[in-house]
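Keeping the supplied structure of chain A fixed, place chains B and C upon it in accordance with the hints.
Residue numbers (our numbering), protein chains in the order written: chain A, 1 to 318; chain B, 1 to 179; chain C, 1 to 732.
Derived by calculation from the structure, the hints in this document are not laboratory data. Every residue, glycine too, gets a C-beta built ideally from N, C-alpha and C. A few of these clues could be false.
Which stretches of chain B does chain C cover? Using the computed rule of at least three CB atoms under 8 Å from a CB of chain C, they are [to be verified]:
1) 46–54
2) 108–119
3) 133–143
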Amino acid sequence: MNELLEITTTRNNPHVDPSMGMWEWQIPVYLFLGGMVAGMMIIAGYFLFTGRHKEKNCSCFFIPIVSFVLLSLGMFALFLDLAHKLYVWRLYTTIQFSSPMSWGAWILILVYPALIANILIKPAKWMTNRIPILTEYSKKINEHPFLVKNIGIANMILGMMLGAYTGVLLSTLGSRPLWNTSLLWVLFLVSGLSAAAAFVHLFAKNKYESELLAKADNGFLVIELFVFVMIFLGLLSSARPHIEAAHLLLSGAYAPVFWVFVIGIGIIVPLIIQLLAVNHKVSHTAIAPILVIVGGLILRFVIVSAGQFSHWFNAHLH
Amino acid sequence: MPRYGMVIDTRKCVGCQDCVIACKTENNIPEGYNRDWIVTESHGKFPDIQMEIRTERCNHCSETPCVSCCPTGASHIHDVGGVVLVTHEMCIGCKACVEACPYDARYIHPDGYADKCTFCVHRVEKGEKPACVSVCPTYCMHFGDLDDPNSEVSKLLQSRKWHVNLPDAGTKPNIFYLV
Amino acid sequence: MNSLSRRKFLKISGATVVTAAALAGSAKTIVNAAESFSKKKGLEIIPSYCDLCFWKCGLLAYVKDGELWKVEGNPKDPLSNGRLCPRGTGGVGAHTDKERLKSPLIRKSERGEEKWVEVTWNEAFDYIAEKMNKLKINYGPESMALFSHGIGGSFFKHMMRAYGSPNETAPSFAQCRGPREVGFELTFGDVVGSPERTDIENAKCIVLIGSHLGENMHNTQVQEFSKAVENHASIIVVDPRFSVAASKAKYYLPIKPGTDIALLLAWMSVIVNEKLYDVDYISKYGTGYEQFTAEVSQYTPEWAYIETGIDPEVIRETAREMARYKPATLVHPGRHATWYGDDAQRSRAIALLNALLGSWGRKGGFYVPYSYSIPKYPYAPYPELKKEPLDNPNGKYPFATGEQISTGIREATITGKPYPIKGWFIYATNLIQALPNREETIKAIQNLDLMVVVDVIPSEIAGWADVVLPESVYLERYDDLNASPFREGFVGIRQPVIDAPNDQKPNWWMAKKLGEKLGLGAYFPWKNVEEYLDTRLKLKGHSLEELKKEGIIKGESQPIFFEDGVEPEFLTPSGKIEFYSNQLADAGFDPIPRFTKHPEPPSGYFRLLFGRAPVHTFSKTQSNPLLRDLFSENELWVNADLAERYGLKSGDKIKLKNQDGVVSDPIKVKATERIRQDCVYMVHGFGQKSRQLRSTYKKGASDAELVTQYKTDPLMGGTGMSVNFVTFEMEV
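So here's chain A without its partners, still in its complex pose (with noise of 0.2 Å):
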């Protein structure tokens, strides 16, 4: 900021200087698939929650495995960051009660059950063509009504965990102002329904669901962007790192991509083609929901890079 400020630093670390960039694109990838997945947990979990299992084409079927899918892809990403590979196991002869890292780790291990419970409920064909026991447990599911419910309370449950600490990990973090906001698990949260919502509908094979969830989307975009609202008035109201934090995504490097892809086309221009959409102005078309899942997606890198980048500063010889 100040011009006749030089600061020199004979430091070169790799990934550390000049800034900081040691996540790179495993770590939005797994945000986002995970904030993704954490949504369809929760929409899953509500379907079974009001009974919408009962339906023969609920989405609530087909979700938890596409889940199990794309959380795995998740995993492998971040298994990928992992710079100590071997080591990996050390995660689970261990609790740390501080870090949000660590109860991701065992929230992930929790989230693979509740996905297999849904799956369960009624296992897809090809399952049960090679596991026959599979309709057997499926059928004592469904004997129970209120083990289904629990296990849609539990998907949900979990879900919101597991979206939240994607942002959590990030808003711990208080060396990277721009991460450092309580309301980042908000968003990712919502931005992680919204993805969501946009991607079930995209696959619906059930008309209400399908319906449902476009106008649910436009609520999350919405609430998503108002969540983003709050945090740059949070960020912009508190001290000068967290400013120039702000000012990053607002007017500085990351601000084309900011805005024309998170803002606009991840935001603004499917909310229009929905909010058109379900007032039956136009048709349903992929073009939202696919703009929505990817202006997700880059909203994780946005956040992940400029968060690296934004930095306190040496601000004693002012």
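Okay, now just chains B and C, sitting in the frame of chain A:
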């Protein structure tokens, strides 16, 4: 129990990087990596310039975001002196601690684990000073127990003006810079 | 014509030792020569002394399981006090450098094309000996010249003298501190020497003129400077660049380059006119003071302001500040003093200012150094020289005393006058970067029948050689004893701590083997260097074994200041401090320094200044992996406003073009407030172009390449090199 810290006299430091090289040979730091480094900060308009030169490294903070974010407990506070260390065999290389440090004092070692200044705890436990302190040709670096009011470092902090880096980051750093 | 210098005096006394050489037979060999380090287990700590620069600090090498681990200062060593500078600490990298020369090489194509045949040592020596013997027959032994730098050259010096050549030089005189030594010798009758006899640690006021201590890491000086800072010494820094030292200063004087003498004269006029000088000291030890006063009193600060751009009030204030702390005011003589061609006179002005303040020989000024002199090896007398050295024909530069003018030998090599030079033997000095005007150096090289380079790395100069001999680095070899003059007499040893990785050999071995091939075996009566060293040490009542253990033997401490009882002695013709120099007047020079204006850069051009970085020495450390890691290329310091005018930002790469159209390699811009607008600055030693040294190839730019102009000091033949102007070439 002692609380180890450093007091660095920026008036005397000339930024020669002897500390950096001493660290590299003492601790076998791979080429291209730095556990410590020199920051030169000047402000003003020629010829009215004020300049501070200081040698920086992990601040071995009392509030340690790098430790609290670690999912495995690899990043930890050592039994002696509050030194912040990383157990290589417990580190999964998730980089959270690298991101968590407002001083960017950590890096990922080519072997995969998070790495940084150890205050040369292997030397300190033998009664020696950290390598950087022991070689400094300007004698600008002092190491000792900050909790002992009679230690050299405590006395310097009592008698001289000082600052720490990024006080607002809330980490309570244990490296102090005399001005 | 010249005063009898202390160095000459020492030479004479040394010669008497040579004649009293009956002791030779009593020396015994004590150690078997080829001890191997690689097999040893555990930690070994071996003392030696450093070779990363010429300061020769005592060190302790830590060798763990036969591998070199680290190098620290030897606490017993008075130069380092147990703390090395970054280069010394990085000495490990000299050993591990993968790009080192590995075996002797003989050129197989045109000079400078760097195409080689690997040969055995025997083949290399045969080749050299045959050529040298031919030269001796055809042109006489004086047609060989030795360029050497550092203590490692001492056995080659011996070999050359035994061969019969008087021509032996180093760039350290005419390209470095020569003018300073001459200026001080003309004034006080003695040189500043190396290590400088400056009592920085006790100084209450320190004046640095262009000297950038802290960036220039001469260990003892920096340690003492730091102590002075701690003791709140008043520091005055004169520099066109806001140096590290400037940041520690009470007064920073951003002088216009080339006007230092004007400032010095104005300071002296203030001190004289306000009668702030040391009256007793001057009346006791000085001569010619009246003429001096009459002359300098005219140089008012207002007059100096026009030349230097320094506020007259600041000039007055700083002059008074110096006087306030006299005699503990040290006006530092600097080291690299070859700037503008009137450098001996500038150095004399510095000497005179110190004389006014009474600091020579006084605490906080200049101490009187002592050497723990070890007798020379009792060699047979050298053959009588048939010809005089040719570096300074007919005393063209009447005050070039003590050492020879490297550029003088270069000139004679080109012209063949007063007699031909047909062979260069170059030890550990990269003449490509050290000498001004590269074209002349290469022209001289093309006139040679033989060029031999001894080095540890394939330096640029090695690229031009006919034969390249790979030397083991300092940690792998013995060298001659170091008994530098210092605050206390001491002798230090360099001994091997680790094996050379390949077929590199120590200089003493090369000198002996080659000497034997040249039929000079009688001059190498010792079996190996251990025997040589032991013989010398025994002449003083010590032994090699004793010195190897501690690394350092100290003499008894003696007073080093006049006030502590040192008898003041001025080896000038008058025996006094010469404020007015009859020697200079007789030779047709200004007896009291005068200011002459130097040409200024034309519009769009900037004066090229260069200096040191703490982690590098000359152009010899850039490939050291530890040091390179911290500083791999230099930057061009450009004033921030100037940079903005040219649209340059820090990190941009540009080329420089000098007044003669020579264009540099690309260099990164450092746009900074820390420099004037009429000059640019870079660290010396970069932009190297040895194709065998990939890690340094065209890293940054070379100031030396742009130094096509130089101004020769008429007193002593030094080459003023800060007289080149550069402009920016944007498209890179």
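Status of each hint after checking the structure:
no.	hint	result
1	46–54	holds (count 7)
2	108–119	violated (count 0)
3	133–143	holds (count 7)
Figure legend: structure checked against the earlier numbered hints; the only hint not met is number 2.
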